[in-house]
Amino acid sequence: MIDLIASLTPDAIVRHAPVLIVALPLILAPIAAIIPSGRAAWSISLIAALFVGWMALILFGQVAEHGVIEYAMGGWQAPLGIVYRVDALNLQVLALIGTIGLLCVFYALPTVSDEIDGKQQPLFYSAFLICFAGLLGVTITGDAFNVFVFVEISSLATYALIAMGAGKDRRALTASYNYLVLGTIGATFFVIGVGFLYMATGTLNMADMASILAENGHNRVTQAAFAFIVVGLGLKAAMFPLHVWLPNAYATAPSFVTAFLASTATKVAFYALIRFIYGVYHPEGAGFVMMAFTWVFAVVGVIGMLFASLQAVFQTDPRRLLAYSSVAQVGYMMLGLGLGNVAGLAAALLHLVNHAIMKGTLFMALGAFGLKFGIRRISDLNGLGRTMPAAAIAFTVAGISLVGVPLTIGFTSKWYLILAVLERGWWWAVAAVIISSLLALAYIARMLAAIWMEEAPKRDGKPVQSTRAPWMVLAPMSLLAFANVYFFFNADPLVSLAQRAAAAVMVGH
Amino acid sequence: MYSPEVSLALALAIPAFGGALVALLGSRPNVREAVTLIAGVLLVFNVAHLVEIAHSNPTLTLATLAPGLELTFKLEPLGALFAAVASGLWVVNSLYSIGYMRGNKEKNQTRFYVSFCIAIMSAMGVALSGNLLTLFVFYEVLTLSTFPLVTHKGDAKAKRGGRIYLTILLGTSIGLLLPAVIATHFLAGSTDFVAGGLLALNDVTPAIAGVLLVMFAFGIGKAALMPIHPWLPNAMVAPTPVSAFLHAVAVVKAGVFSILKVGTYIFGPAMIAAVPTSEPLAWIAGISIVLASVIALTKDNLKERLAFSTISQLSYVTLAVMLGSPLALLGGALQIVMHAWGKITLFMSAGAIYTATKFTNVSQMRGLGHHMPWLFIAYTLGALSIIGLPPLGGAWPKLFLIQGAWDAGHGILIIALIASSLLNVAYLLPLPIKGFFEPAETVALKKPAPMMVILPPVITAAGVLILFFLIGPLRDYLMPVFELTPSAGVSL
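These protein sequences, in sequence, are chains A and B.
Each residue of the first sequence is one higher than the last, beginning at 1 in my numbering.
Each residue of the second sequence is one higher than the last, beginning at 1 in my numbering.
Careful, some of the hints might be misleading.
Stated by the list, open to error - Simulated crosslink set (EDC-like; lysine to aspartate or glutamate; CA at most 20 Å straight-line): (1) Lys157(B) <-> Glu455(A); (2) Lys153(B) <-> Glu455(A); (3) Lys153(B) <-> Asp208(A).
As the list claims (entries may be wrong) - Listing some non-contacts, in silico: residues in chain A with all C-beta distances to chain B over 10 Å: (4) Val149; (5) Val181; (6) Gly202; (7) Thr316; (8) Ala503.
What the hints contain is simulated information worked out from the structure, not anything from laboratory work.
All C-beta atoms in this analysis are idealised placements derived from N, C-alpha and C, irrespective of residue type, glycine included.
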């Protein structure tokens, strides 16, 4: 399939695929903004998403063939110019953003026209395209300062996207403002860290930084840089306890934005963190990185997964509940990273993809409910199993996947994570993962009980007849729900992708 | 064409297919019920074939999830026997369900029969699983597919029972069983069921194996070892065919079967005898046996009484595993078979009484035996078998267990077994005594019970009697599993 697409693609496009995948959405964004009709702006987003998916497939084929591909911007070779670099690690993330982006764009049309004022829609799609391009840019670039630029591009667009939820829920404005303040602090920390690294190494190219650091060793400056970068990107990734911006933002943003961000934005930040840790620092050679693995990632990650799961149990708004659950799931990834072994990193990367699939489904289903009924409390979900069966089934599948019940990818995630933890011999962390899963069972069961075991919602005293979300909502949602089951029975593609990515970055040392 | 592998696949495909057809034929009840019965009969024939070829251990890999992670079926005698019991009783139970559900005009019957099909499919999956991963997957599907059955009535009480059912079973399986399975995979490199015991072959230290044994014993919540038992009495809100299914055919049986399989193929009797936690667990099982019987005495509601009886009777199997003696394990395996036939008789009798009279309490049933003599005779035979009196099937497992306990040096636990049998007499026999020896005039039937609810318990009661005489072949069939020689154990 990939070969066929690659052979049909003009050579020039194939050669420039690494830059086109970022540039095209960025170029289309202002065009979408000046178009008067929301529908036309949506079509432009669709074109961008299709193009990104196409480019991602081509990159997939090229990485499979050549291993690592490097693209020097404007012909300026590293370390002078900016280099885009695709390897096994970010290929996985690129594919994830491309797929989720495409599915979400389909999902966008009905939900956005329901939630966003007609005049604002072109601007909305424009902001989405900028965010999309920014996330892709963070993922693909091999230049430390360029990471900062794209982080800011995507973040600024995200603030606008979240604030657009104000049409339905005025709290979106404060949530967005909150995120803006914290997100800017995070970005500042990050750029300070990058600046320190530049001071210490005299280069901004990540591979170059790595070789210079390996030669010169570490000093206070690079250690401080590490701390700044971890805090800065950790805030973007919603690592506990830097997560406070996330629950309100997810709960009030338009449902399309929540679905998209929940499955991409925090994942990209987490990827960038992994890239800096393994692509610039040498964990084995640097005692402070190993210390951070154990104390910052593993221990704080474990505390985060327990604490956030517990908070999720006591939430009343389904979207806030799932947002806290996201924070807890970041804890799993932090734990996997903190193990410091290949199996752990592979488990973290696997969960990164799997969690994107689960949360994407869950938020899409919540959005589908939201199209027909206002969903503010768990009791608003009552009886939707009978009223909106398709969305309810998708929600259920992804929900039990989140708990880690077999026949779903959540089980696969947990299997590999616990195996990796056992390899490290951390029994306490196994216990924490299990307790957190049980808490997940508790909060998911509350919503499923409302959906399936309560009476159907009533309007004017009569139970509401069964109703259906538009197919453009149902199709991407069902596809993601199906992926939850399919990748259990055929876990190999995702597992080997994650294992190859983990091996690729770890073997480099 | 009809190779062992195909036969293995058919054991799951027949009920799955049947379920799909039942769902499609929901609007035509007679055809729908015919499909259930035909699927049941086909399954029985298929499983009969599996029982024949079990000693050759055919293997079928359903799916390779990732390298080293496979959903695999591997036939062996224990699993074949459990599959035979479950499939055989499914037919009888379906026959009975039809009478009961129509007799009581229950709603949502299509959902009911579909859930049954999926549940029996997962029971087959548990029975034939070739590694712990497969067992775990089908164990969970069994939990989820029986949930709609437990909450069938849909009222507040049913929802509450269903919630407890799901919380305890999912909670224990994810909280204890899953980490135990993953730890086994970590320690041994696979989760395959291996003769002699996977962990024993991989030289796992007794201390770690001891921790795992505790996690398995309580993680397999379906075995209802105290204090993981409350889901079972709470699930009694379900219609009686479901209770019969939970207790005798699939769910609790799948639980104790899993414990038996883990004990035999993951630990191996020798290792169980060596680990430090097996003795405390044996005591917990012993306490469950006596305590549940005592609680059963206090219940007037017949179904609740039978629920606690099940907790008691199936802790025999857990006890058998924890003794670490091959002979006791044989007794445990036989207990699964014998108890199934006895207990399903009792449940179907309770349901038949309910269908005819709407009585649920033992104290209401005075003199009823005169109106329903066949049913009460069937009940009495089932009860006597559970008590363990010859010439009924239930006598054998107790005999093997007592000898196994003695061999393993746990003479004191024999007292628990004997005390339990005496308590069984005290809580099971009052019903036929009241039924037959009180005058008939104290009650009047509203309507005669339909044939469909009387016949099945009579059939199973006859089965209990026949099983007593089949012990020779059964014992010979199971002996290779536990590496027993014909000279060992009870001479027949």
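Indices of hints not satisfied (ascending) | 3
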